[in-house]
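Going down the list, the protein sequences come from chains A and B.
The first sequence runs 1 to 331 under this note's numbering.
The second sequence runs 332 to 630 under this note's numbering.
None of these hints come from the bench; they were simulated from the model.
Every clue listed holds true.
Capping the alpha-carbon separation at 25 angstroms, the derived lysine-lysine pairs in PhoX-like fashion look like this:
#1 Lys458/B / Lys514/B
#2 Lys395/B / Lys385/B
#3 Lys171/A / Lys197/A
#4 Lys395/B / Lys171/A
#5 Lys5/A / Lys458/B
#6 Lys458/B / Lys4/A
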Amino acid sequence: MSIKKVLQRLGFLLLVIWAASTITFFIPRLSSRNPIRERFAELARTGGFSPADLEIIIAAYSAKFGIDRPLLEQYASYMGSIARFDLGISLHKYPKTVWELIMEALPWTIGLLLVTTILSFVIGNLLGAVAAWPRSPGWLRAFATPFVLLQGVPPVLLGVLLLFFIGFRLKLLPLGGAYSIGRVPQWDWPSFLDLLKHQILPAVSLIFGSMGAWVLSMRGMGVTIQGEDYVNFAEHKGLSGYTIFKDYYLRNALLPQVTGFALALGTVFTSAIVAEQIFSLPGVGSVLNDAIRANDFMVIYGIVLFITITVASLMVLVELIYPLLDPRIRH
Amino acid sequence: MATIAFPQPEVRQPSRATLVLRYLRRNKSLSVGLLILLFLVAFTVIGLLTINPKEAYPLAVRAKQPPSVTYPFGTDFFGRNLYAAMVIGMWQTALIGVLAGGLGTLIGVVLGFTSAYFGGILDATVKGICQILTPIPIFLIQVVIAGSIDRRSVTIYTMALIVVLLAWMGPTLVIRSQVLSMKERQFVSVAKLSGVGDMGIIFGEILPNLLPFIAASFVTQVFVSVYASFYLAVVGLGPLREPLLGNIIWGAQLQGAFFNGWWWWPITPAVAMVLILGSLALVNMGLDELANPRVRRSE
Numbered sequence: 001m002s003i004k005k006v007l008q009r010l011g012f013l014l015l016v017i018w019a020a021s022t023i024t025f026f027i028p029r030l031s032s033r034n035p036i037r038e039r040f041a042e043l044a045r046t047g048g049f050s051p052a053d054l055e056i057i058i059a060a061y062s063a064k065f066g067i068d069r070p071l072l073e074q075y076a077s078y079m080g081s082i083a084r085f086d087l088g089i090s091l092h093k094y095p096k097t098v099w100e101l102i103m104e105a106l107p108w109t110i111g112l113l114l115v116t117t118i119l120s121f122v123i124g125n126l127l128g129a130v131a132a133w134p135r136s137p138g139w140l141r142a143f144a145t146p147f148v149l150l151q152g153v154p155p156v157l158l159g160v161l162l163l164f165f166i167g168f169r170l171k172l173l174p175l176g177g178a179y180s181i182g183r184v185p186q187w188d189w190p191s192f193l194d195l196l197k198h199q200i201l202p203a204v205s206l207i208f209g210s211m212g213a214w215v216l217s218m219r220g221m222g223v224t225i226q227g228e229d230y231v232n233f234a235e236h237k238g239l240s241g242y243t244i245f246k247d248y249y250l251r252n253a254l255l256p257q258v259t260g261f262a263l264a265l266g267t268v269f270t271s272a273i274v275a276e277q278i279f280s281l282p283g284v285g286s287v288l289n290d291a292i293r294a295n296d297f298m299v300i301y302g303i304v305l306f307i308t309i310t311v312a313s314l315m316v317l318v319e320l321i322y323p324l325l326d327p328r329i330r331h
Numbered sequence: 332m333a334t335i336a337f338p339q340p341e342v343r344q345p346s347r348a349t350l351v352l353r354y355l356r357r358n359k360s361l362s363v364g365l366l367i368l369l370f371l372v373a374f375t376v377i378g379l380l381t382i383n384p385k386e387a388y389p390l391a392v393r394a395k396q397p398p399s400v401t402y403p404f405g406t407d408f409f410g411r412n413l414y415a416a417m418v419i420g421m422w423q424t425a426l427i428g429v430l431a432g433g434l435g436t437l438i439g440v441v442l443g444f445t446s447a448y449f450g451g452i453l454d455a456t457v458k459g460i461c462q463i464l465t466p467i468p469i470f471l472i473q474v475v476i477a478g479s480i481d482r483r484s485v486t487i488y489t490m491a492l493i494v495v496l497l498a499w500m501g502p503t504l505v506i507r508s509q510v511l512s513m514k515e516r517q518f519v520s521v522a523k524l525s526g527v528g529d530m531g532i533i534f535g536e537i538l539p540n541l542l543p544f545i546a547a548s549f550v551t552q553v554f555v556s557v558y559a560s561f562y563l564a565v566v567g568l569g570p571l572r573e574p575l576l577g578n579i580i581w582g583a584q585l586q587g588a589f590f591n592g593w594w595w596w597p598i599t600p601a602v603a604m605v606l607i608l609g610s611l612a613l614v615n616m617g618l619d620e621l622a623n624p625r626v627r628r629s630e
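Excised from the complex, chain B in its bound form (with noise of 0.2 angstroms):
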């Protein structure tokens, strides 16, 4: 009798390439996010590559020409070429947005995780702190500080700086709670019962096991941040020099730029701005998601 041979069924794990693209086809916020803010970060390094930095200060162009060839995005009142104030707008606004949300998140995890693990008094103080400023709005308190420092000496940094100064809160009630909830699992308690010190658990138990909330707010740190300084441009308290988006809004409506028929210096900017807001909120959405499955159900 003859055998017959069945074709043995291989079992193959698709790569990981395969998988990061299934997954990214089910979270439609993240991709369509990642997409958008793939696209910006084209646009500012093809554009770094191709302008004359120079053109995006005042008088470097002939004032208020509709966009054109030579100025696809036309100029402004001050002559500035619009098309190299938006690339160097948006390289400068992905400096504040990355070196804020950098420093915030780096602080709100040394704070969450020494308060939430050693307690006692410092837990109070911050656990405290961060009740008493809850209902203070944070903008009106960073025009405070921003209003006092003299504005001829604003750089983009001191904008980073501001911006970190109180929006650490965050991360670090975030980080607390979840560090509070991870200590007392069981993972951790044999890790103790091993002789394993507070060091080891830190970073060899609990961190590794945050990664993906420290992940997800790092972005929304991002997004508060680059959310602050484009709300404090906009008022007028930006460093005035610089073609930060929020700041060629402030200087459009300062001309009555609408009133005066140049349609496209305002318009530019906050087309740019809802692509990188909207982008990242998309992006925390889906990361969310990917940090905390329960999230899901909601979809």
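Here chain A stands alone, though its shape is the one from the complex (with noise of 0.2 angstroms):
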């Protein structure tokens, strides 16, 4: 791959990041909220500061934040911060930087999304490719039917049922937290299997949640390489079933999914957010929920950007490795 098809995609990168940060700095401002001033609104609710005293308060709040400078000239600045990996200073947590707060939640958004973003490719891959093998038995091809209907409901509602069912039910599982109430959490064993046992539920609806549009896309991938000569060809030559699948079949059937993958990033980075909320988990969800019922528009703008850069990164670096995979490919 030439060094300029790499630039090219960098930066197309820088260009996403710009247009990301341009609209959550416009959109705010075309509103007519001011976050400060609803923020001391909402001080001087519960303790008692004069309306003078708040129009003194807000005046001088605004020139730090600069809300008071020409459009131009915040914009310019914003970017300049955001250069910088400067996301603002949270307006319900102050003083703490928005930054920290995303760093603070940022491992357990990982740990849960990394499992299961894994799990759910592998094992929906695995299953739509079998669904669409002629050679696999009746039972195992109609496992594929479900999926049709499960791909379309989003991870929480899986999480809201099987909440009911085995957390409220059966009382199997926690009903959310990621401890149990009253533990404090250290580097010990049962600390770690009381984190799991809390973390099976949601992990269980992001992955059957996530996996429904793998089987589907995977099984007419499947459906199309089964005609191809060479696995015909293959075939004549007396290979073994297994081998055939494996080598023949999956490897070129996964190739498109990888692309996939890459485009399926930001929902499920979506479907985490709104999982967190269900499940009452820590991580970047939870503070994005605090923030949204909190109106601290900081916090909100700042993780926006934040997963939107991630996304977008991520969705360059599949592309510039795919060529690696698929070697018929080189820019």
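Mind docking these for me? Both chains are given alone in their own frames, and the hints should help you get the complex.
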């Protein structure tokens, strides 16, 4: 792959980041809401300071956050701070920065996402491939059908149903949170098991919620590959069914799925954010939820930007790795 | 010699209804999806005729009652009759879906047609915008928009608008690619040579051929809109007063419904939403097969 192509993709990535930050800059400023005023009005309701003082405080903070400057100047300094990974300061958890809040929550989200995404990709593609493989037994082939329905169901809803049946009715697994109530997490075995127990339902709902799409697209892919000459040739050579399945059929059908994987990353993050809310798990999603509830705008915009940049970078990364998987594509 | 009169075999073309029924029997996902949708519509229509709409809003009935004869789905923490709330919520979900889906498809058709047919700068712009926006998770941008609006002024219609704002890209790209391939076909060239104008070709030649695609992308769009508005409502960015299904689940989660034993509160909207989205996905898949026979190979 040529250097030019790599640079081109990186340029595209910069363009996407620019677009996302421009959107998160301008949309809030189009609205009539003033985060600082709202925050202080909220404080004024609970504590007592006079309306005149309030105006002075708001003016002072507007100057501090730079909201009183001309729009273009604000835009320039906003872009500058993004380039320095400075996403601003939380209005509600002042003086914590948005970056700190995200970094505290990130390990949780990454842990959950990594496991569920990989598992659903592997299981989903295997099931799909088996469902399309003409020599697999009938019951295995029929197994893919329910996924047509499942594909439309967001993981959150699966989460609610699982919470009801397994958490509430059968009382097998906890109803939410990251630890049992009252447990102080430590680096020991029981703490780890407790943590694992709390992650099972979220993980299962995320895996099954995103598996349907893989099963169906892989089944579609598999059917197209069956008619290919090289599969016929391998069969006539007398290779065993397993070898054909593994080396001729699965490997080739899997290639477009890798591209699909890159495209699905946005959905994956979205599902995780919403699932964290339903299972009251710590993570980037719950930080976002708290921010929405508390009208903490800086955090909302910071998280949106952070996830967008992550997803876009991962997409470009997959695209750059792709030629290594498929030698036919030499950019 | 007596001539044998053979009974004339009568060839009868089966009626349209029979043909449709036969097709539905073959296209299982379409028929199952339509059946579930029909059931949901019946539930909503019958519900709208029987409920007192006031009971779908807070402080209307006794709070926290489990399902019973008077309250088939129970009542919630805020004193809403969940049956009434479900009926109104389904109706509002359908409204958002059809409004946002219709608008999104309309924008998609207009943009897709003009950019693909006329090409040039317009096409480059539309394609460029779609390319740049593709890696950005749409839901997050919707969160920014919905979060910037004063929560008290959010209505069902603003929800639909927020969803449409970013959801026109899908249908635009689908229609665009179809028009691009369609305008190179021979019948279009023939029409062009016979002196048919641009409008005549668009409306007389290409559009009629694309109707199945437009129908399919409408259903996709309804699905996407319902999905998006549900997600926004679940994280608490919906019109908080309305009994939108996502809002009910959000409220239940906020009050710790399962921890407190009020299991009926989140479960009914969740099941309803599974049915709505599942049936739309099925219909979507069925229509895909109808519009694009090549997909049939994968059955």
